[in-house]
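Enquirer: For reference, the chains in residue letters:
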Amino acid sequence: MTTLRVALVGNPNCGKTALFNQLTGSRQKVANYAGVTVERKEGHLTTAAHHDVLVVDLPGAYSLAATSPDEAVTRDVILGRRADEPSPDLLVCVADATNLRLHLRFVLELLALGRPMVLALNMVDEAQRRGIHIDRAALQLALGIPVVETVAVRRGGAMALIKQLDLAVPPPQSHIATQDIHAQVRTLLQQTVSMPRVTDRRDEVIDRIVLHPVWGLVLLAAVLFLMFQAVFSWAAPLMDAIEATLQASGQALRHVLPEGALRSLLVDGVIAGAGSVLVFLPQIIILFLFILVLEQSGYLPRAAFLLDRIMMTAGLTGRSFIPLLSSFACAIPGVMATRTIQNPRDRLVTIMIAPLMTCSARLPVYALLIGAFIPQRSVLGLFNLQGLVLFMLYLAGILSALLVAAVLKKLRHDTSEHALLLELPSYRLPNVRDLALGLWERATIFLHRVGGIILSLTILLWFLSSYPAPPAGFSGAAIDYSMAGRIGHLLQVVFAPIGFNWQISIALIPGLAAREVAVSSLATVYAISGSDTAAAEQLVPILASQWSLATGLSLLAWYVFAPQCLSTLAVIRRETNSWRSTALCAGYLFALAYVASLVTYQVARVLW
Amino acid sequence: MRLHELPRGGRAVITAIYELSAEDVIARRLMELGFVPGEPVRLLATGPLSAEPLLVQVGSTRFALRIAEASRIEVAMEGESG
Ligand SMILES: Nc1nc2c(ncn2[C@@H]2O[C@H](COP(=O)(O)OP(=O)(O)OP(=O)(O)O)[C@@H](O)[C@H]2O)c(=O)[nH]1
Ligand SMILES: [Mg+2]
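Same order as they appear, the protein sequences are chains F and U.
Reminder that position 64 of the first sequence reads as 63 in numbering that gives the first Met the number 0, one-by-one numbering, no gaps.
Reminder that position 69 of the second sequence reads as 68 in numbering that gives the first Met the number 0, one-by-one numbering, no gaps.
One or more hints might be untrue.
Stated by the list, open to error - Pulled a few chain U residues facing chain F out of the computed Cβ check, cut under 10 Å:
hint, residue
1, Arg28
2, Gly37
3, Pro47
4, Leu54
5, Gln56
6, Gly58
7, Ser59
8, Thr60
9, Arg61
10, Ala67
11, Glu68
Stated by the list, open to error - Some residues of chain U that are not near chain F, with every Cβ distance over 10 Å (derived):
hint, residue
12, Met0
13, Arg1
14, Glu4
15, Pro6
16, Gly9
17, Glu73
18, Met76
Derived from the structure by calculation, the hints contain no laboratory data.
Built from N, CA and C at the ideal position, the CB exists for glycine as well.
Next comes chain U alone, as it looks inside the complex (with noise of 0.2 Å):
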């Protein structure tokens, strides 16, 4: 499932990050702010009017993702397989 499929407060580890296109800045930059295969996520929160930003817990770190960033991102629930 991708990130933004979490539930609210969900724990996953991140399995792929996808790139949308050969150039793509933001799968880049996800990878530089530590969403890279093996790393513990968290859905912490989501915005007040819809589903949109989320927040999104990825070390130490707490990140604001709008849906178009976080579907690049491949999770895997604790206790799902693959």
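In isolation and in its complexed conformation, chain F is listed as follows (with noise of 0.2 Å):
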């Protein structure tokens, strides 16, 4: 039997990767604002005539006339442009049944390619809320193809869809006439859609407090200071759950197993050096609880327009906004957001920069370090100070994105126009499942990290740093002798002006290839090195009493710009498509890392 390739089409945020996601039983990602898919992405289902289905989901576009590269691809797919894949046998055409003034106007667009098509009104939940009527049959006749309500979100919700799919849909008898487009809509409009309001009311009363100038700031400022304070002290009583659960394990190893080379691997390598990324889990937790919350009620693309002025300043489009929010996840995706970015140069621009946005990959190294030297304290008994460094350390790295973008521009001379053109959506409740979900993924994603990269790379840092064992008669510390010890020693001459200690220079190596592995690696490294007590265990202290705070903060300041992920590099390579672009952002990321640390590592000297 041959399979159906069927594509989904339609304007941004209608519902498509929902929908797409029913049907396939995929977890793409979904979230309330224009621009999430960028990539085409395949799926199967089997209908209930036993056909087999290829289900393509695409980037949300609202012409054929792309002007970023994300519609490019969507349009690209449909037109069958594409070398590897030939053009799908059916379009399913995604428009919201509470938009229709917008989205029918691609949906004939789309229509006069003459194509087998298929329209699914999505989100016919929603349009019944707010009272708005459409007359599916009357739709279905005027424009000549079969037309199915959908719920993407509703459990069962796509039902209708996939009996259409059993059904042969032939291509359009194209009697709709090539006039006025508008007019068209205008006209199916009136024959077939009734709405007591052309807007929702509920969206007009939040907008009216959300974009408030006063109001709209002020509560985007406690958003955001509420989430960094969270980190910090929701997450504290699980933490010390489960650094209590991992001491408690390291001990009864030492017990149980003889001491020698296994004991060690074990218990200053697993259980120390992995064990001390896993107790950052709860915050990462929290930390996505807020992104995915602020993700999925529509908020995003408002913080966008608040704070538009300030991109504009530093020669950004508003658009880059949402790849650099996401890049607060994982630089990763937030580089292949730029997609959505139509001018080319604002697109590198905004790639350049990603990496500047604090990933959560960097939480660990922050918090075990504001953890280490800075004191839980009340700040006019209102903040933790803690959550209150922490959310300098963010704001560090986001105004010096605006500041590099600020000099880009002026490099290149840049007068050109900087276009915003952003839908602001509808506000939607954020659906307790989706998030429960989606919080389980980032834990899994977390977990994996742990249990795969840092694990593997926290047992080679043991390795290098367990042997060569010293020969009988050495005088100093075995680690020294090691090879870990060495290259650590050599390393030092060149971060020793920035107040780097050996064991923070041999830290940074594995560190390239995950973030969080630079705390594991200085954890098994001081395991190793210190006594065989319980304190070893426990970094903090250690690095509380080991460390000057001028050390502490230089490498809090070098962790906001190095550039020391080499997936993001990759991907921005893939990207750009440019080696220089690539090597350009790693020099200057590092060039600004060691002035950084250099700059805060002198100044604390003196200071303290």
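Bring the two chains, given one by one in their own frames, into a single complex with the hints.
Expert: Next up, the structure:
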């Protein structure tokens, strides 16, 4: 039996990916803003009549006249311009039932292609809530294609569409004339849709507060602030529990195993090393809870609206906002999301500064150092000082990103136009099940990292730190004789001016593969060199007692800038298709990191 | 008058879209988004720090525009001729 190839197309944010997930059982990212999907994704579905259907999810597009790389992907797939892929047998055009004035225009544009097509009126639940009535039969007749209703976020909400996939769809009779497409939309709306109000009153009321010149900014600041406070205060009890468990298991192993390499590997390498990263799971979860709620609610484009003026001053388009925001999770999806930016130069600048946004992998490093060097004090009786410092580190990243963008703008004598043209979606209440699944997914990703790359690198570092073992009669610490000790001491020559000791220098190397490894590497190195007591498992007090404050602050400054993530550089290379841009990006980030740490270290040394 | 010259909360009807160059991608996109002559628009809000960006309602959709984009849109306030 042949496979039916179906493509989901439609305006941004109409629910294509939600529908795709529903049809194929996939778990692609769904969120409430335009431009979530930037790549083509495929999945399979077997219909009631046992037909195999290949479903392709596409980036949202306003028209076939693509203005950005993501829209170009959609255009090329629909028109069959990709060499590796025949054009789809059936277009499933998805439209937001609450916004047909906008979405029907693209439907008509696609209809004019004369290809087999089905219209899925999605979000009919919302339409019902707002009292919008659509005469499906009349619309079907007027368009000359099957029209089905769907609720992509409800279980079984795509039944009508799945049934339709079993029926043959002939190409539409093109009785839609080639006259003005907007006039046709108006006529169609008049004939088939009744709307009590063109807009949702709820959205209007919320926007009056959220976009208010004063209250809007206050709210934005409050949201961000709450987020950083929460990361520290809510997570603390859970982190303590994980830490206690790890320590207990370390102790237990110590009692069970005889002194030797195996015990050291398990206790110093696995538990002290990889375990030291595991502790940060609660903080990661809380950070993502905030990110997910913001993404689902529709608040992100509002934040972009409020901050657009600042972006403009830095020579960025407001379009850069969401890619930059995504980079707080990880720079990789952030760099991918720049595909929604129309102007190639704007896109390049956004890619260049995306690594300056503090990604979640940096959180363990920040949290460790803040825990060791910043006292847990409340400021003005309101803020937690540690949360405040974390907020400032994030802010430092953002401000330097704006600065770098402004400098790049000056350098290229940019006078071109930076369009915004950003759609503000309807607000939606985040769905608890989606949030739970999203967090679960994040937790799994994190645990996989800890159990995979972080554990492997930490074990590798354990070997390097343990061997070769010193000959009898070696006077110094055993670790100084090891491979890692020697490399660390060599590297320290470079890093001494910025206050890094050899332990930090060696930890930076495996940190290139995954930033959190810097934490586990430090833990392992200190655990091996430490005495055989329980204290060796506690990194925070060790750092607090052995490092100067200046060194701690210097490493924090280093992490604001350093491009210590090979996967990010690889994605930058792929998306820019240029080694030069990639090298430039890595180079300027290293330079900034070194200078920032140098200044921090030298100033802090004088002050304290 | 141009769209960005509307007072906050002002309603108007679009009368023309200006293309600033032969291949004005932005003007074209504006039309695809529903900014076409005859369409009612409303200026709902402006950015907090200056007159930019503009929050504009057209059809059932709200868009954030910068002045550069909004100035391509010629509008007539209700009750005003031409
Ligand atoms: N109430 C309701 N919400 C929906 C429905 N379908 C999707 N949504 C929500 O609409 C938003 C957009 O959904 P997505 O599936 O990401 O939209 P998309 O078309 O893939 O968006 P892009 O990838 O940006 O083009 C999300 O917040 C969904 O939860 C629906 O049928 N009813
Ligand atoms: Mg999508």
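Enquirer: The structure should be examined with respect to each hint, and the outcome stated for every one.
Expert: Structure-based check of all given hints:
1. Because the beta carbon of U:Arg28 sits about 6 Å from the nearest beta carbon in chain F, less than 10 Å, this interface hint is met.
2. Because the smallest distance between the Cβ of U:Gly37 and any Cβ of chain F comes to about 8 Å, under 10 Å, the interface hint for this residue holds.
3. Interface hint status for U:Pro47: upheld, as the beta-carbon distance to the closest one in chain F is roughly 4 Å, under 10 Å.
4. Satisfaction of the interface hint for U:Leu54 is found here, the shortest Cβ-Cβ separation to chain F being roughly 6 Å, below the 10 Å cut-off.
5. For U:Gln56, the interface hint holds, since its Cβ comes within 10 Å of a Cβ in chain F; the closest pair sits about 7 Å apart.
6. Evaluation of the U:Gly58 hint against chain F yields a held restraint, the C-beta minimum of about 3 Å falling below 10 Å.
7. With 10 Å as the threshold, the beta carbon of U:Ser59 comes within range of chain F, its nearest partner Cβ sitting at about 5 Å, so the hint holds.
8. Checking U:Thr60 against chain F: minimum C-beta separation of about 5 Å stays under 10 Å; hint holds.
9. Proximity of U:Arg61 to chain F holds as hinted, the smallest CB-CB distance being about 4 Å (cut-off 10 Å).
10. For the restraint placing U:Ala67 at the interface with chain F, the shortest Cβ-Cβ distance is roughly 5 Å, inside the 10 Å limit, so the hint holds.
11. Because the beta carbon of U:Glu68 sits about 6 Å from the nearest beta carbon in chain F, less than 10 Å, this interface hint is met.
12. Interface exclusion of U:Met0 from chain F stands, the closest Cβ pair being 21 Å apart, more than 10 Å.
13. Chain F leaves U:Arg1 outside its interface by the beta-carbon criterion, the shortest separation being 16 Å against a cut-off of 10 Å.
14. Every CB of chain F is more than 10 Å from the CB of U:Glu4 (nearest about 18 Å), matching its label as outside the interface.
15. No Cβ of chain F approaches the Cβ of U:Pro6 within 10 Å, the least distance being about 15 Å, so the stated non-interface status holds.
16. For U:Gly9, the shortest C-beta to C-beta distance to chain F comes to about 15 Å, beyond the 10 Å cut-off, and the non-interface label holds.
17. Against the 10 Å criterion, U:Glu73 stays outside the reach of chain F, whose nearest CB is about 16 Å from its own CB.
18. Non-interface call for U:Met76 relative to chain F: holds, since the shortest CB-CB distance, roughly 19 Å, exceeds 10 Å.
The earlier numbered hints are all upheld by this structure, with none contradicted.
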